[in-house]
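> Generate the whole structure from the sequences, applying the supplied hints.
What follows is each chain in one-letter form.
2 protein chains.
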Amino acid sequence: MSDSQRIHITDVSPRDGLQNQAVHLSTEAKLQLIALLAEAGVQSVEATSFVSPKAVPQMADAGELVPRIAARWPQLRTSVLVPNLKGLERAHAAGAQEIAVVLSATETMNRKNINMGLEQALDVSEQTLAAAQALGLRTRAYVAVAFDCPFEGETPLAEVLRLAARMHAAGAGEVVVADTIGSASPGMVKERFAALRGVVPVDRLAVHLHDTRGMGAANAWAALEAGVRRFDASVGGIGGCPFAPGAAGNLATEDLVLLAERSGFATGLSLDGLLSAVDFAQAQLQRPLGGRSIAWLQRQRDKRREAEAMTA
Amino acid sequence: MSDSQRIHITDVSPRDGLQNQAVHLSTEAKLQLIALLAEAGVQSVEATSFVSPKAVPQMADAGELVPRIAARWPQLRTSVLVPNLKGLERAHAAGAQEIAVVLSATETMNRKNINMGLEQALDVSEQTLAAAQALGLRTRAYVAVAFDCPFEGETPLAEVLRLAARMHAAGAGEVVVADTIGSASPGMVKERFAALRGVVPVDRLAVHLHDTRGMGAANAWAALEAGVRRFDASVGGIGGCPFAPGAAGNLATEDLVLLAERSGFATGLSLDGLLSAVDFAQAQLQRPLGGRSIAWLQRQRDKRREAEAMTA
Chain P
1 MSDSQRIHIT DVSPRDGLQN QAVHLSTEAK LQLIALLAEA GVQSVEATSF VSPKAVPQMA
61 DAGELVPRIA ARWPQLRTSV LVPNLKGLER AHAAGAQEIA VVLSATETMN RKNINMGLEQ
121 ALDVSEQTLA AAQALGLRTR AYVAVAFDCP FEGETPLAEV LRLAARMHAA GAGEVVVADT
181 IGSASPGMVK ERFAALRGVV PVDRLAVHLH DTRGMGAANA WAALEAGVRR FDASVGGIGG
241 CPFAPGAAGN LATEDLVLLA ERSGFATGLS LDGLLSAVDF AQAQLQRPLG GRSIAWLQRQ
301 RDKRREAEAM TA
Chain E
1 MSDSQRIHIT DVSPRDGLQN QAVHLSTEAK LQLIALLAEA GVQSVEATSF VSPKAVPQMA
61 DAGELVPRIA ARWPQLRTSV LVPNLKGLER AHAAGAQEIA VVLSATETMN RKNINMGLEQ
121 ALDVSEQTLA AAQALGLRTR AYVAVAFDCP FEGETPLAEV LRLAARMHAA GAGEVVVADT
181 IGSASPGMVK ERFAALRGVV PVDRLAVHLH DTRGMGAANA WAALEAGVRR FDASVGGIGG
241 CPFAPGAAGN LATEDLVLLA ERSGFATGLS LDGLLSAVDF AQAQLQRPLG GRSIAWLQRQ
301 RDKRREAEAM TA
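Those sequence lines, one after another, are chains P and E. UniProt numbering puts the first sequence at residues 1 to 312. UniProt numbering puts the second sequence at residues 1 to 312.
It is worth saying that the hints were derived from the structure and are not from the lab. There's no promise every hint is true.
[Stated by the list, open to error] In silico BS3-like links for lysine-lysine, alpha-carbon gap of 25 angstroms or less:
no., chain 1, residue 1, chain 2, residue 2
1, E, LYS112, E, LYS54
2, E, LYS190, P, LYS303
3, P, LYS54, P, LYS86
4, P, LYS190, E, LYS190
5, P, LYS112, E, LYS303
6, P, LYS112, P, LYS86
These numbers come from a predicted model, not from an experiment.
What follows is the structure, encoded as structure tokens:
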């Protein structure tokens with residue numbers, strides 16, 4: 001297996017997955033979810049965010065969660081979202097080793113999301129990245145709404161390239177290009193990553209996909225073909241807003257692993273392990289979860305269990 | 001729009017979609033489904049099969065259906081499956097202008113499916129293709145289980161290439177490479193079509209995908225990238241066995257259209273028109289249908305209708 005056949009998955013279910021859920025998971029339950037992910041072979045998680053507990057009460061336990069993860073899984077790469085220097089301070093105080101900043105690629109999205117204009121948001125992201133590096137932390141920088149913006153329509157590619165280049169120049173360890181509303185097509189992924197490779201070395205590029213239109217797996221394949229080897233995904237596809245009927249969440253980790261492994265890539269993740277995490281998450285969130293492959297994966301597991309029971 | 005950006009979709013829902021359904025559609029209902037497909041812009045359908053009515057009672061009205069389609073939609077390209085010379089005779093008597101033969105790529109699949117060995121099935125396919133051409137009919141030839149066989153595991157690529165080349169040499173207008181059990185990955189699609197292009201001109205190659213593992217759209221993208229422009233698909237993804245929980249059917253026509261159009265390809269099909277066909281089919285079959293994009297497509301339609309109602 002050459003290095004080019006190895007892909008790196010950050011499971012973002014504890015953060016992007018849980019941040020919009022009606023049911024709020026306890027710190028204990030989050031640790032159980034992360035335990036199941038670690039057992040499944042996940043080596044990198046996005047664990048939480050240091051944002052206002054008023055705005056995102058689901059993440060209010062960030063300061064408690066981070067040191068408990070570090071104590072229990074010292075080898076697990078654990079990233080946390082920070083909106084600004086104040087968030088960085090809290091994350092650092094909690095012992096975080098890696099932080100992520102989020103920069104939206106349009107004026108309106110930044111105003112709606114963080115009540116700042118784009119240029120101010122860019123400043124804040126650069127300052128936060130610089131301060132984090134000064135503290136010796138690893139960093140990721142999201143470029144959000146990098147395909148379409150819910151307010152402005154298609155995001156100009158030139159703007160995405162400009163911001164990705166700025167995040168790279170600011171020292172971001174990974175520049176994570178995000179299809180925040182799940183509107184990308186594989187043709188767009190192909191085109192945009194071909195251009196992005198010109199401004200950020202491909203081994204520093206990651207892709208963050210949502211599966212709103214059922215194209216998450218196709219977009220992941222287009223990214224793989226473009227040379228991208230770093231992916232965000234969320235076990236069970238957790239992340240859709242439960243109040244929008246049919247709204248799909250993130251690209252499901254199990255879908256990505258199935259697609260990649262069947263296509264000759266190595267992920268290091270166990271599909272059975274991921275199914276156990278899906279079981280747990282849906283029991284906690286009290287709604288059915290799972291990506292597009294879940295029915296097939298569960299049938300395979302059932303068949304194997306039946307066969308084992310017969311020979312037992 | 002260059003020719004290379006134009007894709008050709010054969011909607012197989014009236015045949016591959018309906019042949020395994022618990023609810024049997026009347027001839028009138030099938031004509032209504034085809035009417036909706038034609039209204040949606042579909043220019044090619046696989047309408048029925050001339051097989052034993054005992055084995056496949058859902059297709060028992062083939063002899064009545066074909067002339068009624070021809071009378072009502074003289075421009076609609078209408079293909080029918082024929083298992084052998086006897087089926088061809090019946091299809092020809094009914095006025096069929098295009099037939100398809102099905103050759104499975106493994107010994108066991110042929111034995112289970114048509115109680116013949118592979119070499120005998122190859123003979124029958126070649127004879128049927130020759131006879132159909134002598135009658136002036138257009139022809140398609142399926143190479144089934146071209147990725148994996150449910151009985152023999154992965155189908156050797158060399159065997160798929162041999163059979164595809166034989167079907168091409170026998171004059172098949174299209175060689176339809178079929179992922180019959182929906183086990184293909186985009187990596188396999190890429191590899192196999194790169195090789196298939198060496199034995200069949202790419203404009204004579206078509207791909208027939210199932211969505212069992214949620215990789216139908218990703219596989220379609222891999223086929224597009226390999227230069228394939230001819231696709232089978234089934235509106236609403238009809239085609240799964242209703243007795244196998246979670247068993248997915250064919251690649252949904254609406255998923256393929258959404259992916260292709262958003263990626264810069266032209267299909268000539270209307271998503272709204274396809275949604276009407278899904279509505280009709282699920283009312284008839286009394287179960288929810290729709291591909292991976294259906295929830296999003298329906299939400300868009302609902303929003304548009306609400307907006308129209310407000311301005312009305």
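> Are the Cα positions of P:LYS112 and E:LYS303 separated by 25 angstroms at most?
22 angstroms, holds
> Just to be careful, I want the Cα atoms of E:LYS190 and P:LYS303 compared with a cutoff of 25 angstroms; is the pair within it?
Not satisfied, since the Cα-Cα distance of roughly 30 angstroms exceeds 25 angstroms.
> Can the restraint linking P:LYS190 and E:LYS190 be considered satisfied, given a maximum Cα separation of 25 angstroms?
Holds: P:LYS190 and E:LYS190 sit about 15 angstroms apart, inside 25 angstroms.
> Please verify whether E:LYS112 and E:LYS54 have alpha carbons no more than 25 angstroms apart.
16 angstroms, holds
> Hinted pair, alpha-carbon criterion (25 angstroms max): P:LYS54, P:LYS86. Please report holds or violated.
15 angstroms, holds
> Keeping to a limit of 25 angstroms between CA atoms, is the pair of P:LYS112 and P:LYS86 held or broken?
With a Cα-Cα distance of about 20 angstroms, the restraint between P:LYS112 and P:LYS86 holds, given a limit of 25 angstroms.
Consistency with the previously given hints fails for number 2 only.
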